[in-house]
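Engineer: If you want the building blocks of each chain, they are given just below.
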Amino acid sequence: MDDERRMDEQRVRKVKDAHARIAETLIQSAAEPRLRQQLLDRPATVFLRPDAAEADSHNALIDDLRRQIATQLMDRVAQDPDFASLLRQDLFQAIRTAGLAPQVEQLRAEKPVADEVTGFGWGSSWWWVLGWLSGWG
Amino acid sequence: VVGARLAVGVGLIQTAVRAVDTEPITPGRRPRERRFRVYNVGIAKTGTQSVAGIFANYRALHEYLFADTVEAIGRRSAGEMSDGAFREFIRWRDGVARLDVDSSSYNSFYADVLADEFADARFIFVIRDCWSWLDSMLNMVLHTGAFMPEWMTEHCRTILGPRYAPELGEDAVELARRLPGLVTAGLDYWARANWFVLSALPRERSIVVRTNELSESLPRLADFVGVPLDTLRSDLRHVHRGTRRFHALQAVGGDVLRGAYTRAGCAGLMQRFFPEAASALP
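Protein chains in written order, with this note's numbering: chain A, 1 to 137; chain B, 1 to 282.
Worth flagging that the hints you see were computed from the coordinates, not collected in a lab.
Since the model is a prediction, treat every value here as computed from it, not as a measurement.
Where is the CB? At the ideal position from N, CA and C, for every residue including glycine.
A portion of the hints provided could be inaccurate.
[Stated by the list, open to error] A few chain B residues that face chain A, going by a derived Cβ cut-off under 10 angstroms, partial list only:
{"#": "1", "residue": "R32"}
{"#": "2", "residue": "D68"}
{"#": "3", "residue": "G254"}
[Stated by the list, open to error] If the Cβ cut is set under 7 angstroms, some of the chain B residues that face chain A in the computed set are:
{"#": "4", "residue": "R30"}
{"#": "5", "residue": "R59"}
{"#": "6", "residue": "V113"}
{"#": "7", "residue": "L114"}
Starting from the given sequences, assemble the full structure and let the hints guide the process.
Structural biologist: As structure tokens, this is what we get:
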């Protein structure tokens, strides 16, 4: 039981770390035009490790969806400091607040399935719901 | 001229549609467009993740638009959303990702609406025996409760009743106190939800599969949906295996289980689908 609990905690920590990194990337890019442009040029880098982003950035439709999501989140951060706080605290709630859940689901429907996306239980699979995290393992 | 342009336009669309239809199914790449419309209407913990995994070469998702959908279910149930508005939501939801297979555990709440709204839709109904279902459901919510957002906790309460609390998995004394109530509500939900789905489904557009037979049912599923068997993913047919066990059913005792089973009216479904387990307590 202790080992399983440790694994659960590691999983949650890994997801929280990834969410924090995504939030910081978006917040910094919202404030700096050069970073914003870099991010929009390679939108996979918002959500994936650099090497995973490189391997995963050859699908124009998926990149377009990522670009739309990142653009709207950065615009919202630039307009609303409270939204930046929400993004840091709870990435999914921030996405829902911004009305981007449908775009995220469109992205999920386009992305090939990885074991990481489907391999956890009900609650925890929700943490992975974006499929964005599949390369961040 | 307009007519000629229209004809050209229609021809281009038809060519595009044919290209989509004939696009080969390749692992690692989802089709761009919907090819068919299948809803899995099995309740939670019956293999909804596995069904999404089996159809992973198509546009298949598990727990699609989870938060938005269970909130809409809750609002409709509370009378805050009209039937018309709910149907509009369901049509909108269907159009967002244009899924081939929507394997969401809460589809069971509105199976009647799906059957009514989408005349071309086909339905996979996966049913699991009430004892292993309840054990699995309790394991999941006790295991992941602490990680759940509030809307998901609320959704769990529609299944396990108002006594469910997210921190119960960490509090053995409180869990023991509340367990009989969770068991009673859970079995009641199991019977109500499964009867509802069975009564709502159009027989000619539905297939019923038992959870314990899901792994061997790929040929039946392929035949039912009308896709080549080799496009289904046998490697993803059992993608979610629970790990931590709480052994809640053993802890609650035979009398409580028997009473809850009888009051909920589980026997009819159990005898019909799981006769071998119908007379045996876990």
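Engineer: Does the structure break any of the earlier hints, and which numbers would those be?
Structural biologist: 3, 6 and 7
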